[in-house]
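K.L.:
Residues per chain are reported as follows:
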Amino acid sequence: MELIKMTNISKYFHHVVALDGVDFYLNKGEILSLLGENGAGKTTLMKILYGMISPDSGEIYYKGQKVNFHRPLDAINMGIGMVHQHFMLVPAFTVLENIVAGAEPSKGIFLDIEKAREEVGELIRRFNFNISLDDKVERLSVGEQQRVEILKALYRKAEVLILDEPTAVLTPTEVDEIFVILDELRKEGCSIVIITHKLKETFAIADRISVLRDGKMIANNVDPKKLSENELSKMMVGREINLGVKRPAKNIGKVRLRVKNLVVKDGGRKKVDNVSFDLRDGEILGIAGVEGNGQTELIEALTGLRRPESMELELNGKKLEGDANTFLRNKIGHVPEDRLAMGLVKEMSVKKNLILGYHREEDFCKNIFLDEKNIEKYAEDLKAKYGIKASHIEDPISALSGGNQQKVVIARTFSRDPDVLIVAHPTRGVDVGAIEYIHGKLLELRDRGKAILLISADLDEVMTLSDRILVLYEGKIVRECQQGELSDVELGLLMTGGNLEMALGGEI
Amino acid sequence: MMEIFNILEIIITSTLRMSVPLILASTGATFSMRSGVSDLGCEGMMIGGAFFGVLGSYIFDNAWIGLLFAALFGMLFALQHAVLHVTFKVNATLSGMSVNLLSAATATLLLQIIWGRHGNSPRVSAFSKIQADWLKKLPVIGEMLAEQNILFYLSLVIVILAWIYMFKTNSGLRLRMVGENPQAANTVGINVVAYKYFGVLMCGLLCGLGGAYLSLGQLNIFVDGMTGGRGYIAIVINAFGGFSPIGSLLGSLFFGFFESLQTIFQGKLIPSNIVRMMPYILTIIVLSIGIRSSKAPAGVGKYHDE
Ligand SMILES: Nc1ncnc2c1ncn2[C@@H]1O[C@H](COP(=O)(O)OP(=O)(O)OP(=O)(O)O)[C@@H](O)[C@H]1O
Ligand SMILES: [Mg+2]
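Which chain is which? The protein sequence lines are C and Y, in order.
Reading the first sequence from the start, the letters are residues 1 to 508 in our numbering.
Reading the second sequence from the start, the letters are residues 509 to 814 in our numbering.
Don't read these hints as lab results, they were simulated from the structure.
Treat the hints with care, as some may be off.
Partner residues are not named here, just some residues of chain C that face chain Y (Cβ under 7 angstroms, in silico) [said to hold, decoys possible]:
id	residue
1	Pro72
2	Leu73
3	Ile76
4	Met88
5	Val90
6	Ala92
7	Ala101
8	Gly102
9	Glu104
10	Ser106
11	Ile109
12	Phe110
13	Leu111
The calculated lysine-lysine pairs, modelled on DSSO-like cross-linking and capped at a C-alpha distance of 30 angstroms, are [said to hold, decoys possible]:
id	chain 1	residue 1	chain 2	residue 2
14	C	Lys136	Y	Lys810
15	C	Lys352	C	Lys377
16	C	Lys225	C	Lys246
17	C	Lys28	C	Lys5
18	C	Lys28	C	Lys187
19	C	Lys115	Y	Lys676
20	C	Lys265	Y	Lys803
21	Y	Lys803	C	Lys270
22	C	Lys157	C	Lys187
23	C	Lys136	C	Lys476
24	C	Lys136	C	Lys107
25	C	Lys254	C	Lys319
26	C	Lys385	C	Lys331
27	C	Lys318	C	Lys260
28	C	Lys246	C	Lys198
29	C	Lys346	Y	Lys810
30	C	Lys346	Y	Lys803
31	Y	Lys810	C	Lys352
32	C	Lys226	C	Lys5
33	C	Lys331	C	Lys352
34	Y	Lys597	C	Lys352
35	Y	Lys810	C	Lys389
36	C	Lys389	Y	Lys597
37	C	Lys107	Y	Lys676
38	C	Lys136	Y	Lys676
39	C	Lys346	Y	Lys597
40	C	Lys331	C	Lys373
For each residue, glycine too, the CB sits at the ideal point set by N, CA and C.
Take these sequences, add in the hints, and give me the full structure.
P.N.:
Right, here's the structure in full:
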């Protein structure tokens, strides 16, 4: 049964065509995977369905009835829930408050927090969520935050669940957990739209695939069983994509960065616990670990953003100390974890963001003034090279799709020829074409002798790119291994605090 | 012995009296900040309340109608802030300051037009001490409480109601969510703009009452500049009190205490000019030390649709 039908939907942002006469439908009880490149219009289409954006033309039908959504509440009341690409949570609220706010159970005008606790508790049991209701959301890992987002929608009794890249920040185990829940929901008759850039996930869970390209729906009814991953990516980006090709390093050079006895404390707890390692020229060193095991603090210490409790850091054999600016000027490039919080200034133009942090360097300055002409040329150049989809370099970052924002961060850092690169989740939220490009770039930089530290929640990414892998668990390095030495299952086990010898022993 | 007790009594009585305008205004500021709107217009809303309270009382010869005027005009100036900042997205500092400037100028101008006077208004009927003999008979605190007027009690009730509203009701949770993350509030179907207007208007109402306390509670005239920056001090108190009504109450008592020292030391020991600087010096101290640990709602100044 067709539950939702959207016909001839168009949306323009000024002169940008985000959606161009798109038809879309969703059947009852199915999981639909909505695919498309960065900036194809996936988020826009779903925000229209959720009443957050009003379309310039087109109609929406829900259960055969024409509907007009003016605000999210209209959609929520119809049983449509949405989990957004960027978290929509209040860090200062508890999990429970976040879930019920806006749809609270009440006694008169008073909040009935006990009833809320019961109702949410019931949901948590039914779907086997693992989360504690009284924790402040600011203390949760991203995986837990994602579960809170899903709970928010379920609590509102969503019959239709829209998930905009829910897995972008999750580890494979966490993805599996979420998929179990989605499967359960499907069995209960819930209809789900899932947006993802990981085709593997599409094949794992979707009943049907729709593909958007440049604001047009180019295929609405693709059966995942009748198509290979390659065919699908070709359909999305119009060319063959080769991901997961291993290219081991050939010329590993001398030690570029030496980290000794790194300890970072946060609120009395040791977040990074006596970590030491060497990073050499021409290698990619991967950090595998479930998010929240010290990665953030490690990155912050190695980029000068945070003063660790103790650390002896040597760059080229010389002691290095100072703030983020010192680190940057010593040619340590940084691709931060959270692009919006740390990587970009949302209100500033694409052009300005492309030189941010490097704006004092010679080629961007004329005496004390910015050399606008040069900057413009530079920005246009990067925009073309990295395929950043923005109608103009003067557009603010906020007008870009999530994946294109990420490309801006990547382009800025990679183009300044750093000797050391600290790269966190470089392909978070970018499409397959761009992943291929970014991976290619990373390998190219490595082959040019750069030392790269790669932190990623995407285990596949770590395993494909890294020449050497450190497994981080509760702030400690629990294992070091070479590329190909351990399987993803083994790594996954180590990442969650398991013991390899014991587990394998048990199997035999 | 008796001497010390007397001094204490005077101090406490005057602390309570000095606190009332601060309690009202800082609780108002709490509403504004919790809805995610910067509260820089407090001073202007207080001036509006002080002046129009007197005008209302002058016209109707009734302090209560004066109070009503104060509330309404406080809200009118708040509306200016809300329209500029919430609807037209003018920077909150600018729109708050515009309120402060406009209301001060309005008061001076109307003093001239209505009464043809500079600096102060004629006397009007005002609030007097509460008439309750049973209160006086309460041990120890009886005398101090009986020295207060009805607005003191009103302000306590307001603080308690505000606290219950903010932390125990559905609507309060939504208000706080708007203040913390307007985008998130929007996505769960909360009418962000309505809540911001509500927060700012409540701020105007309470600041208006706070202003009226100065002109109709402590005195019975309006004097140019009589708010003396209390609107700004209320902003600091609010932050100091962790953006909560109860915190604002406690902070106001703290500041009220230092203001009350004036009454004690006036002309004695320390030069009175120095004593009168106390609240302002305290403000600076609190600004530079006290509010470092207090975290403002994360969504202040943010919009749901950007
Ligand atoms: N608020 C806005 N103002 C201007 N342009 C916008 C705005 N929001 C989206 N766009 C443009 O509309 C197009 C579609 O964006 P959308 O966010 O829907 O892409 P997407 O398919 O979700 O991409 P991604 O995979 O990167 O998240 C993009 O070109 C983007 O730049
Ligand atoms: Mg998107």
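K.L.:
Would you pick out the hints that fail for this structure and give their numbers low to high?
P.N.:
none
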